[in-house]
Amino acid sequence: MPDCQNRKFVAFIGCTRYHGSKDADYSYESIRAATVANAALASGGLALLGSGTLFSWPERLCDVRVYLEDETCVPLDELMDDSGYRRTFGGCFATSLGSLLHEMGHIFDLAHCDEGIMGSNCDRLDQMFTLKDFHTKYGSLPKRKVPTGREWGAKCTVVRRPGGNVVQRSIEHML
1 MPDCQNRKFV
11 AFIGCTRYHG
21 SKDADYSYES
31 IRAATVANAA
41 LASGGLALLG
51 SGTLFSWPER
61 LCDVRVYLED
71 ETCVPLDELM
81 DDSGYRRTFG
91 GCFATSLGSL
101 LHEMGHIFDL
111 AHCDEGIMGS
121 NCDRLDQMFT
131 LKDFHTKYGS
141 LPKRKVPTGR
151 EWGAKCTVVR
161 RPGGNVVQRS
171 IEHML
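The sequence shown: position 69 = 69 (this note's numbering), numbered continuously.
It is worth saying that the hints were derived from the structure and are not from the lab. For each residue, glycine too, the CB sits at the ideal point set by N, CA and C. Any given hint could be a false lead.
Restraint ranges, calculated between C-beta atoms of paired labels, are given here [said to hold, decoys possible]:
| # | residue 1 | residue 2 | range |
| --- | --- | --- | --- |
| 1 | Ser21 | Gly45 | 30 to 38 Å |
| 2 | Lys8 | Thr72 | 32 to 40 Å |
| 3 | Asp63 | Asp25 | 26 to 34 Å |
| 4 | Trp57 | Val36 | 17 to 25 Å |
| 5 | Pro75 | Gly44 | 31 to 39 Å |
| 6 | Tyr26 | Gln5 | 25 to 33 Å |
| 7 | Ile13 | Asp63 | 34 to 42 Å |
| 8 | Gly116 | Val10 | 16 to 24 Å |
| 9 | Arg7 | Ala39 | 15 to 23 Å |
| 10 | Ser27 | Cys62 | 29 to 37 Å |
| 11 | Ser43 | Asp63 | 29 to 37 Å |
| 12 | Gln127 | Gly44 | 25 to 33 Å |
Let the sequences and hints guide you as you build the complete structure.
Okay, here's the thing in structure tokens:
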């Protein structure tokens with residue numbers, strides 16, 4: 001058997017299902033409650049992502065920008081909307097791709113931070129690639145982040161030394 005200790009893996013859960021909603025409550029909590037086998041998490045060398053919004057992904061790399069800008073409304077009674085309250089195919093793609101990159105960051109031992117792909121706005125990946133004025137278009141939307149209770153501090157860097165020893169340093173000490 002090959003040594004997998006130094007390998008990294010990305011996997012999609014193939015059995016993610018969204019059962020729709022019978023009422024008009026399309027909050028993030030309601031959508032999560034109607035969804036089975038959906039995750040965005042990473043540990044060790046595995047990043048795992050649910051497949052509930054793969055309907056919004058392009059088939060070709062050259063279409064990434066066009067798909068990020070797709071304003072087609074998600075039919076909320078049929079398809080899972082994990083778009084950070086944007087309710088668009090482009091929002092679903094941006095959120096799921098941003099979540100995947102965020103989880104891949106964890107398998108390379110990156111910690112959470114305030115901004116960027118390792119921050120709580122990782123679902124706003126479309127802003128990074130399209131330069132679209134998000135606040136004018138959508139205003140101030142609620143956060144979709146669900147606290148896990150396992151976050152390190154907001155302003156820290158985590159470095160894993162060879163041998164597995166973890167060193168935590170505050171960014172303020174480096175400035």
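A quick look at each hint next to the structure:
About 36 Å separates the C-beta atoms of serine 21 and glycine 45, a value consistent with the hinted range of 30 to 38 Å. Range check, lysine 8 to threonine 72: Cβ separation about 33 Å, and the 32 to 40 Å hint holds. Between aspartate 63 and aspartate 25 the Cβ separation comes to about 33 Å, which falls inside the hinted range of 26 to 34 Å. Roughly 20 Å separates the CB atoms of tryptophan 57 and valine 36, a value that falls within the hinted 17 to 25 Å.
Look at proline 75 against glycine 44: about 37 Å separates their beta carbons, and that is inside 31 to 39 Å. For tyrosine 26 paired with glutamine 5, a C-beta distance near 43 Å fails the hint of 25 to 33 Å. The beta-carbon spacing between isoleucine 13 and aspartate 63, approximately 24 Å, falls outside the hinted interval of 34 to 42 Å. For glycine 116 and valine 10, the Cβ-Cβ distance of about 20 Å falls inside the hinted range of 16 to 24 Å, so the restraint holds.
Roughly 20 Å separates the CB atoms of arginine 7 and alanine 39, a value that falls within the hinted 15 to 23 Å. For the hinted restraint 29 to 37 Å between serine 27 and cysteine 62, the CB-CB distance of approximately 35 Å keeps it satisfied. About 31 Å separates the C-beta atoms of serine 43 and aspartate 63, a value consistent with the hinted range of 29 to 37 Å. A hinted range of 25 to 33 Å holds for the C-beta pair glutamine 127 and glycine 44, which are about 30 Å apart.
Consistency with the previously given hints fails for numbers 6 and 7, ordered from lowest to highest.
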